Amino acid sequence: MPAKVAGRGPRKELEALPAGCPVKVSWSSLVEQVRKGDSGGLEELYRLFSRGIRYYLCRHLGPQELDDRVHDAFLIVVQAIQHGELRDPERLMGFVRTVVRRQVVAYIDQAVQSRRDRLDLDLTPPISDQRENPEERLLAGEREEIMVKVMKSISPRDREILTRFYLLEQSQERICAEMNLTETQFRLLKSRAKARFGEVGKRRFLKSRLAPFLVRAATTSDH
Amino acid sequence: MQSDLNHHVDEEVLERYSMGRLPEEVAAPVEEHLLVCETCQDRLEEVDAFVAAARAAARRLQQEPAGVWERTREWLSGLARIPKPIGALALATAAVLAVLVLQPWQGGGPAPAAPATVVLHSMRGADSVSAARAPAGVPLRLEIDLSELAERAPGSLEIVDSAGKSVWRASVSASTQRLEVTAEASLPAGRYWVRLYAAAEGELLREFALRLE
Numbered sequence: 001m002p003a004k005v006a007g008r009g010p011r012k013e014l015e016a017l018p019a020g021c022p023v024k025v026s027w028s029s030l031v032e033q034v035r036k037g038d039s040g041g042l043e044e045l046y047r048l049f050s051r052g053i054r055y056y057l058c059r060h061l062g063p064q065e066l067d068d069r070v071h072d073a074f075l076i077v078v079q080a081i082q083h084g085e086l087r088d089p090e091r092l093m094g095f096v097r098t099v100v101r102r103q104v105v106a107y108i109d110q111a112v113q114s115r116r117d118r119l120d121l122d123l124t125p126p127i128s129d130q131r132e133n134p135e136e137r138l139l140a141g142e143r144e145e146i147m148v149k150v151m152k153s154i155s156p157r158d159r160e161i162l163t164r165f166y167l168l169e170q171s172q173e174r175i176c177a178e179m180n181l182t183e184t185q186f187r188l189l190k191s192r193a194k195a196r197f198g199e200v201g202k203r204r205f206l207k208s209r210l211a212p213f214l215v216r217a218a219t220t221s222d223h
Numbered sequence: 001m002q003s004d005l006n007h008h009v010d011e012e013v014l015e016r017y018s019m020g021r022l023p024e025e026v027a028a029p030v031e032e033h034l035l036v037c038e039t040c041q042d043r044l045e046e047v048d049a050f051v052a053a054a055r056a057a058a059r060r061l062q063q064e065p066a067g068v069w070e071r072t073r074e075w076l077s078g079l080a081r082i083p084k085p086i087g088a089l090a091l092a093t094a095a096v097l098a099v100l101v102l103q104p105w106q107g108g109g110p111a112p113a114a115p116a117t118v119v120l121h122s123m124r125g126a127d128s129v130s131a132a133r134a135p136a137g138v139p140l141r142l143e144i145d146l147s148e149l150a151e152r153a154p155g156s157l158e159i160v161d162s163a164g165k166s167v168w169r170a171s172v173s174a175s176t177q178r179l180e181v182t183a184e185a186s187l188p189a190g191r192y193w194v195r196l197y198a199a200a201e202g203e204l205l206r207e208f209a210l211r212l213e
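Sequence lines, in order, name chains A and B. For the first sequence, position 143 (counting from the first letter as 1) is numbered 143 according to this note's numbering, and the numbering increases by one without interruption. For the second sequence, position 193 (counting from the first letter as 1) is numbered 193 according to this note's numbering, and the numbering increases by one without interruption.
What the hints contain is simulated information worked out from the structure, not anything from laboratory work. On a predicted model such as this, the values are computed, not experimentally measured, just so you know. Every residue gets a Cβ at the ideal spot worked out from N, C-alpha and C, and that includes glycine. Just to be clear, a hint being listed does not mean it is correct.
[What the hints assert, rightly or not] Quick partial rundown of chain B residues pointing at chain A, CB under 7 Å, derived from the structure: (1) Ala27; (2) Glu31; (3) Glu32; (4) Ala54; (5) Ala56; (6) Leu61; (7) Gln63; (8) Ala116; (9) Val138; (10) Arg152; (11) Ala153; (12) Ser156; (13) Val160; (14) Arg169.
[Stated by the list, open to error] Which bits of chain A does chain B cover? Going by a derived footprint, with three or more residues having C-beta under 8 Å, they are: (15) 44-56; (16) 91-97; (17) 138-147; (18) 165-171; (19) 175-185.
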């Protein structure tokens with residue numbers, strides 16, 4: 001049975017763009033295979049979720065000990081399925097998300113506790129490498145330069161709108177109300193800024209390794 | 001709400017997710033979809049990169065004093081929006097404004113800084129990728145989602161520096177799922193932790209990483 005929910009139209013937060021997703025997955029069959037300990041099922045489960053779990057954990061906890069954490073999450077999911085804790089196989093994705101979220105919360109609680117213990121002991125600040133690696137720093141710096149150029153090329157009013165949204169994190173509703181904008185005008189402004197970001201970057205770094213990212217940024221900002 | 005594998009996440013929604021501004025009921029299907037969709041994972045990385053670049057560029061430009069050309073252009077664009085009947089009056093004042101445009105700008109003194117809004121999430125960890133960021137030296141408007149605290153009422157909020165020294169503290173109360181507090185203290189750049197304590201017994205409920213730049 002496909003994972004698609006029969007009779008349901010696309011929701012507001014999802015748009016029709018069906019490439020790149022495993023649209024034909026039989027969750028019932030997969031869960032049954034995992035329950036029985038079938039190696040094919042375990043492999044399929046790992047293939048489907050390992051990148052996503054890795055991505056989620058890295059996004060929330062950083063790259064440290066990532067392999068171990070992904071392994072832990074996968075084990076928890078498999079054991080829970082084998083112990084019958086997943087009652088509705090169609091909810092497998094939600095189940096995996098819950099497991100991974102709990103794992104993130106547990107790691108954070110653990111980090112908070114150990115930081116407090118350390119502070120109680122010697123009042124030294126926590127030691128953890130929070131720096132971006134040199135490549136990431138370089139890329140971020142280049143993107144920032146491009147964005148500065150883009151923002152300098154637009155009107156002060158448009159720049160204020162982007163500043164309010166991205167830096168001051170004001171809501172779209174508040175910005176539109178205070179700056180007399182419609183929702184369409186607001187979206188258009190952001191879309192134009194993204195397109196310009198892509199264009200400037202493409203011109204500037206056409207031959208550099210940033211090109212693929214910037215070309216994608218220019219094309220994806222069109223809608 | 002169940003995730004739909006047949007449809008990718010809308011660009012606007014992805015951006016709001018990247019900025020940590022999606023309510024749980026919308027974030028849940030988005031995260032489920034992200035768990036299995038490599039296309040959307042890649043798109044989210046691009047959105048993250050754009051948001052980070054926009055944030056960094058806006059911060060930098062805010063700190064740079066505006067040039068004479070930019071101020072003149074702003075003034076001219078403002079003049080163009082004035083209705084025709086009072087155009088003459090605008091022209092009459094042009095000479096006065098021109099004098100102001102040519103004045104050294106440093107003389108006026110900075111306007112009081114507006115609070116910077118910082119959205120803090122309980123899912124956000126201690127890493128540099130997910131620490132909330134805000135400009136240093138301005139008051140902070142802290143927004144905290146309380147939906148995961150169940151029935152435990154918050155009683156106080158504290159900001160400590162990287163050495164654990166308290167730099168700001170206030171009593172708080174929340175009647176909704178969202179706590180909004182303005183910390184008037186203008187803190188210097190650095191790493192901080194925002195701690196939320198329970199009203200009863202002062203137990204630590206949550207701690208959020210905060211980086212001021």
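Hints and how they fare:
no., hint, in the structure
1, Ala27, "9 Å, violated"
2, Glu31, "5 Å, holds"
3, Glu32, "4 Å, holds"
4, Ala54, "4 Å, holds"
5, Ala56, "4 Å, holds"
6, Leu61, "6 Å, holds"
7, Gln63, "11 Å, violated"
8, Ala116, "6 Å, holds"
9, Val138, "10 Å, violated"
10, Arg152, "15 Å, violated"
11, Ala153, "20 Å, violated"
12, Ser156, "17 Å, violated"
13, Val160, "9 Å, violated"
14, Arg169, "17 Å, violated"
15, 44-56, "holds (count 7)"
16, 91-97, "holds (count 5)"
17, 138-147, "holds (count 6)"
18, 165-171, "holds (count 6)"
19, 175-185, "violated (count 0)"
Hints 1, 7, 9, 10, 11, 12, 13, 14, 19 from the earlier list are contradicted by this structure; the remaining hints agree with it.
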